[in-house]
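Peer 1: As a plain string of letters, each chain reads:
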Amino acid sequence: MSIITLTTDFGIKDHFVAIAKGKLLSKIPHCQLVDVSHCIDLYNVGNASYVVSGAYASFPKNTIHIICVDAELHENSRFLLMRFDGHFFLAADNGICSLLTQEREDAVEKVVLLQNKPEHLSCMDLFADVCAAINGGADAESLGELIGSEDYVGMTELRPRISEDGNVIFANIVYEDHYGNAVSNVSKKLFEEVGKGRPFLFTGSKYKMTRINKYYADFNTETRALSEYHGSSLLIFNDLEMLQVSLYKTNPATSGSVKSLLGLGYHDPIIIEFESKNE
Amino acid sequence: MSIITLTTDFGIKDHFVAIAKGKLLSKIPHCQLVDVSHCIDLYNVGNASYVVSGAYASFPKNTIHIICVDAELHENSRFLLMRFDGHFFLAADNGICSLLTQEREDAVEKVVLLQNKPEHLSCMDLFADVCAAINGGADAESLGELIGSEDYVGMTELRPRISEDGNVIFANIVYEDHYGNAVSNVSKKLFEEVGKGRPFLFTGSKYKMTRINKYYADFNTETRALSEYHGSSLLIFNDLEMLQVSLYKTNPATSGSVKSLLGLGYHDPIIIEFESKNE
Amino acid sequence: MSIITLTTDFGIKDHFVAIAKGKLLSKIPHCQLVDVSHCIDLYNVGNASYVVSGAYASFPKNTIHIICVDAELHENSRFLLMRFDGHFFLAADNGICSLLTQEREDAVEKVVLLQNKPEHLSCMDLFADVCAAINGGADAESLGELIGSEDYVGMTELRPRISEDGNVIFANIVYEDHYGNAVSNVSKKLFEEVGKGRPFLFTGSKYKMTRINKYYADFNTETRALSEYHGSSLLIFNDLEMLQVSLYKTNPATSGSVKSLLGLGYHDPIIIEFESKNE
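One line per chain: the protein sequences are W, P and G, in this order.
So in my numbering, spot 267 of the first sequence is number 267, and the numbers just go up one at a time.
So in my numbering, spot 19 of the second sequence is number 19, and the numbers just go up one at a time.
So in my numbering, spot 175 of the third sequence is number 175, and the numbers just go up one at a time.
Given that identical chains are not distinguished, each listed pair holds provided it fits within a single copy or across any two copies.
Here are the computed lysine to any residue pairs in the SDA-like style, where the Cα-Cα straight-line distance is at most 20 Å:
no.: 1; residue 1: K249; residue 2: D41
no.: 2; residue 1: K27; residue 2: N62
no.: 3; residue 1: K13; residue 2: D239
no.: 4; residue 1: K214; residue 2: E72
no.: 5; residue 1: K214; residue 2: N116
no.: 6; residue 1: K13; residue 2: G256
no.: 7; residue 1: K61; residue 2: H30
no.: 8; residue 1: K189; residue 2: Q102
no.: 9; residue 1: K249; residue 2: D93
no.: 10; residue 1: K61; residue 2: G137
The set of hints was computed from the structure by calculation and includes no laboratory data.
Using the sequences and the hints, build the whole thing.
Peer 2: Have a look at this one:
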């Protein structure tokens, strides 16, 4: 059974998602459709890349991941089929392929520029045709023109910068999640490479922290009950192994989020200073 | 495999949608359930009709479309099974069948008044029974009483009015979507029939426009970059071929919508004046 | 075909739900995944219990219901597989099993303390393994250690109190739904046992009512049209047979909810006084 995932900025109140699913089910009756998200920030390719990066690897190899964000079909638009890390990705040539693969360019197997046909009224018509072809065993190459990474739109999100002395990481918040967590662009790998186990001082907004929780509830419960830590700020490497600022068990809808309570939101800078004398 | 779609005003936080799905899966274990929308404006049959109209035709013929909006089961409520344009529709007799079919009455194949049974505690119990019967090959006629269009509730949404001289369309905004677009009740067909290719002046709120974009990004990029058009208002025939007012790449959650920025919202009037001397 | 339902506080915008589904589909390719809700109030086990209680019984027996709310996996966390009323439930040992079963302890068939493995990075890794084992025919007992109700976390939500003379129920609002209804913790069973058919006076916030509607639209339409009752407050036993305060056809997003219009919200007290002379 073919699994197809959908990531869009279509929202959930209109008929847009159902149209996509109807077209896919019309061509591939027994496919398993899985919603990744339809609440991508409108037209935000970086946001879509973050969510798809987080989700795709949990699916079996050969899953097809459709990304419909900023993907209007018109006379100048281009659409891509990318084979990456054993999965298929269908998206507009709007930078998302470069964002998805920026940390693992070696895992890009091939990228095909798809051929749109006059009967395609939207990118979903094209994508449904391609999904059906893949499901029928077609080679990616047969569905369009193989292109190199210099031939599709490159895009870079904010990336961390390391000070010349190797003691400081200058980085940014790049995602805010449902729990109100503020996710930075500092990976665990980068943190460990630069920090080499040294003590550090994290600064975000006007707040400073010096410890990374192993898990959210990782507080000292010898002197205080765990419930007394509700609302405490913490640093943690999240499920995607990115450094994240969190407030223990707060609720953005009621008590608040990292953005509303600490003033640390999308694209805001953070600084991590490692102790230099330990080097 | 039987495909069943669901359109409701149940929302997504409670157990209501899951109850519906559990009942359907209990009777038809291998059906493919597809959510169209559970965020229909509460009790708004016109809203439901717009969304279902937009979605149904993308599905294979014989798909069953369940619409649970303003569909309380009690001693006086009536429920319908409609065969329309090759699809099945299950809904309360609350006007939705007339709205769904108002532009294509010729495609109504049959309407059956369903027989509720004492063991049905909600319309979903009835609908699950009917879906199982259809799935088992039952004829629509065997599931209730065949009735004519005069026998079910008629309802009309706001419809465009043409001036006596045939030069002006007086119409309304009838839907606001996830992107903040304001959709009117002027179809491309009506626009072309009345306009006959003449230049026109569109007025909505205090704004005027004279051009219809072929696609959203259809701007003159010889003198300005496309990104400079972000926020520009435009007219377009949307995916359902209805005239729509849009703001290029704005976000209702942040920068704004047609309603918040142009003051043009649900049920507001619009006017399209065609040049009379060209006739 | 195995049916697995999901109830979480993951929200719908991030990659969290898709990760769960990807892991399940990787282990059980043909399972039918059904979302119950991903909008549980964050970390709110009582809220999750209400929604799951409402949903589970509509599914076929042997359905697996996964509940991921306040379910962080770390060195001290415990996870349970519960067999209850012919269904399987997977959840953290955080009180939800006691809440789900508090009205029907006799229907608890067994509770197994699951064994987490080092390769499990989140509770979904563990749950996917357990689902695959159940799907493969494994006995619940073989998946961990059978434990008694004294061995898992007990939790009690607010429960109604009866006055000593048996004439008054002191209770609370325990849930607010998508329609703005305020659901109390007074079951129809309790109401009838205490009331024995006597007239009653309901008080909530500063409002009083003396009648329970048989259905929402159950108003006297001899002297007024049904549409004139829009906005009227009413009492009703909801689909879970719990006493509920509603406003007829209001919309929380526009006209208002029981909370915004009557001032009666989550955890607020209500009082039901039955006429004493009738006893």
